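Trainee: Take a look at the letters that make up each chain.
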Amino acid sequence: KAGVTQTPRYLIKTRGQQVTLSCSPISGHRSVSWYQQTPGQGLQFLFEYFSETQRNKGNFPGRFSGRQFSNSRSEMNVSTLELGDSALYLCASSLVPGGAYNEQFFGPGTRLTVL
Amino acid sequence: DQQVKQNSPSLSVQEGRISILNCDYTNSMFDYFLWYKKYPAEGPTFLISISSIKDKNEDGRFTVFLNKSAKHLSLHIVPSQPGDSAVYFCAASYGGSARQLTFGSGTQLTVLP
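So the sequence lines, in the order shown, correspond to chains A and B. Per this note's numbering, residue 1 is the first one in the first sequence, and the count goes up by one each step. Per this note's numbering, residue 1001 is the first one in the second sequence, and the count goes up by one each step.
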């Protein structure tokens, strides 16, 4: 069974640009969560999607948005990039929502660098 | 305000000995706790979890202990192996359908051969 895949793996953007990251969950998993990992901050929850609906959102500004498609694939978008957005963005999938209570499977992440 | 704290950024242990990774939390509403392990260039992988109704959960070489009164949990790895060298994250959650994971900042474990 293929794991969670994220594309692209690496991305370099400049301040003010926008970026879209993609995540394909494990086949059969309908819940997708996104996290931001920065040095010293651990992983911070961005949002969770299930059946194309955002179920939960972390404490991030509106520049961070996401969506989920009918095949459970998910995208996240960051507009008007800031230097502080440089981070590893991780996607995780699980069979059911409330991934914090069930095992989540993480992808390898997308490393975003904002110059 | 970090609700889940891992105060030791790094830990070195000799192969075969016990590794103890610690985690403290401040939110008394947390009722489910998990440990994840992360190798470089890979996403975190689930290791072990514990519900707040228990104080210990064991899975092979890994045991998690929960001390609710101290708001403290720890992960014990016995015996430690070089392949255990990784970053370990503890995480906590609470709530019903709106649960979300709150992670600590991680501890780099190095097991020396």
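To be clear, the hints were calculated from the coordinates, so they are not data collected in a lab. All values derive from a computational prediction rather than experimental measurement. Hints are supplied without guarantee of correctness; some may be wrong.
Below 25 Å or equal to it, Euclidean Cα-Cα: the simulated PhoX-like pairs (lysine-lysine) are [as the list claims (entries may be wrong)]:
hint: 1; chain 1: B; residue 1: 1038; chain 2: A; residue 2: 57
hint: 2; chain 1: B; residue 1: 1005; chain 2: B; residue 2: 1071
hint: 3; chain 1: B; residue 1: 1054; chain 2: A; residue 2: 57
hint: 4; chain 1: B; residue 1: 1038; chain 2: B; residue 2: 1005
hint: 5; chain 1: B; residue 1: 1071; chain 2: B; residue 2: 1056
hint: 6; chain 1: B; residue 1: 1038; chain 2: B; residue 2: 1071
Per the computed footprint, the stretches of chain B lying under chain A, defined by three or more beta-carbons under 8 Å from a beta-carbon of chain A, are [to be verified]:
hint: 7; region: 1014-1022
hint: 8; region: 1072-1080
Beta carbons are placed, not taken as given, at the ideal position from N, Cα and C, and that holds for glycine.
Trainee: Of the hints stated earlier, which fail here?
Mentor: Structure breaks hints 3, 7 and 8.
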